[in-house]
Amino acid sequence: MEQVARWTWQRYLQLAALVVLAAWTLWPLAYMFSTSLKSTAEVTLNVAGLIPQHPTLGNYSQILSDNQDPIGRWFFNSAVAVAGGTLLTLLCASLAAYGLSRLEWPGRDWFFYAILAATLIPGITFIIPMFSEFAKAGLLNTYWPIILVYPAGAFGVFLLRQFYLSIPREIEEAAIIDGAGKFRRWFQIILPMTRTPLVTLTILTAVGIYNDFLWPLIVMQSKDMYTITVGIYLVTAGAYVNNYGPLMAFSTIAAVPTIVLFILLQRHFVASAALSGVKG
Amino acid sequence: MLFVLPYFLFFAAFLLWPLAYALWVSLRTWTTTGGDQGFTGLRHYYNLFFNWKLDDTVYFWQSLENTGFFAIITIPLLVVLALILALLLAHGPLRTFFRSVFYVPAVLSVAVAMTVWLWILQNGGVLDSYIHNSIPWLIQQPWAWVSIIIATLWWTPGFNMIVLLAGLMNIPNDYYEAARIDGANGFQQLLFITLPLLRPVLAFVTITQMIASFGLFGQPLILTHGGPGVGGPTQSTTPVALQMYNEAFGTSQNLALACAMSFVLGLILVILAVAQIRFFRATEM
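Residue numbers (numbering that gives the first Met the number 0), protein chains in the order written: chain H, 0 to 279; chain R, 0 to 284.
Bear in mind the hints are in silico, worked out from the structure with no lab data behind them.
Some clues are possibly wrong.
Derived SDA-like pairs (lysine to any residue); straight-line CA-CA distance at most 20 Å [unchecked claim]:
no., chain 1, residue 1, chain 2, residue 2
1, H, LYS181, R, LEU1
2, H, LYS135, R, LEU1
3, H, LYS135, R, THR30
4, H, LYS181, R, TRP23
5, H, LYS135, R, THR31
6, H, LYS222, R, TYR174
7, H, LYS135, R, PHE9
8, H, LYS222, R, PHE7
9, H, LYS135, R, GLN36
10, H, LYS135, R, GLN252
11, H, LYS222, R, GLY249
12, H, LYS181, R, GLN36
13, H, LYS222, R, LEU22
14, H, LYS135, R, TRP23
15, H, LYS135, R, LEU26
16, H, LYS135, R, THR28
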């Protein structure tokens, strides 16, 4: 039971601290958006002005019609990676979580500990050999590397296993009596019962893949195959270097999908982060 | 067991196989463009540890030192900052609203977050025009590190904050009631109730933060291009991840040495992670 807090001076102090920290969190984003609406002249003349004197969408139309740096194509590439990688991750993680929580088989726990141990090895250890792996297979600069590597992550398996363990045995036993096989039990009982963590995992995986930077940077070699994050890095150092109007328009466009998703589905972001901590 | 098979295939292909493959390549002479030129044994490992006349060895340890420096500064800062945010939120006003605000930067990619900071810290950018002064934020030390660290502190505390907040909310209110009756003040409650009960969550946050901090890559790549420095591939903010990338795909094209570097780094980090787990276990009361 939480009591209704009284508005003491400590509480006002607390509120003040929160407001200051919130302002610090939001002001770079405010500048991102406001600079994206300034003309080239105003960007240099009115650097610190938070509200553009003559707001214009010129930067947006410039970057959207730029055929040298095809932002539409980059979005499409990111979308392919997100769709393919997320789908595969969900499928593999939910199957594996079921096998690791509801079924008995020799070596099961041993396998689980192996996955657990592997999470301690930092990602950069794998980047270079994985690059060679895809180079050898002739799959660099294709969609395969930015789809296939993500399902290997163990986070989804841990997350779903937690939920599967909490489902009472009796529910499945009833289905066994009715003659339902393992696969049907997974598909018709377990999956529908764990819709919320599945949605959480979907969002987290999708955002993670969308935001990934190092891996697509390494495996993509031509401009038309870049993802949006790699594309932004490219224009920052290339065509739009020091031209912050268009650069902030780029950033805004790239940031909008995840920020909107976050605003709409915050509880899933919060829940998954919280769960991962409790597990640890 | 059949159920685990699809996951296992990916696990084997992109975790186990790369590890084995990296070990195999690191024992051979192998360049990115020239391919496999035969077995050389532990030559690359010997070079990394003992042959300090080799530029690549010097650059590797220098970049590891850069990443280590960044980690030593940012791990405590990001854990403490997140803890402060979580404590302010835990019983604070408008909790849900502020929690969402603080988490927003964490949903951005490193490319977006750092491009925004590039504009803020640019010569003649937002910050310079605030203070009516020109500070070489990105092109001179120690400012370059200050910039990278500030931008990181802005970008990433959200995840830690939410994990710690969930941990705080799990502590039963009765404990605080009892402490208050015994006359404990706010600071004593923090020290003797909150922190000890938060230990497992703190351990988790610290270890994940360590792995994240050692993965430093995008911030210096975008903000400082690894510089400033006096020439040479290794400059004052080049992190070890970028150095390995340069080793394999830059001028030296030495894939085998880059694999050996991956291995040495992986080993160091696993040792550090295990040491931390032990530390948090050992200090348990």
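Here's how the hints hold up against the structure:
no. : hint                : verdict
1   : H:LYS181 - R:LEU1   : holds, 10 Å
2   : H:LYS135 - R:LEU1   : violated, 29 Å
3   : H:LYS135 - R:THR30  : holds, 13 Å
4   : H:LYS181 - R:TRP23  : violated, 40 Å
5   : H:LYS135 - R:THR31  : holds, 11 Å
6   : H:LYS222 - R:TYR174 : violated, 59 Å
7   : H:LYS135 - R:PHE9   : holds, 17 Å
8   : H:LYS222 - R:PHE7   : violated, 33 Å
9   : H:LYS135 - R:GLN36  : holds, 16 Å
10  : H:LYS135 - R:GLN252 : holds, 16 Å
11  : H:LYS222 - R:GLY249 : holds, 19 Å
12  : H:LYS181 - R:GLN36  : violated, 50 Å
13  : H:LYS222 - R:LEU22  : violated, 32 Å
14  : H:LYS135 - R:TRP23  : holds, 15 Å
15  : H:LYS135 - R:LEU26  : holds, 18 Å
16  : H:LYS135 - R:THR28  : holds, 17 Å
Violated hints, listed in ascending order, are 2, 4, 6, 8, 12, 13; each of the other numbered hints is respected by the structure.
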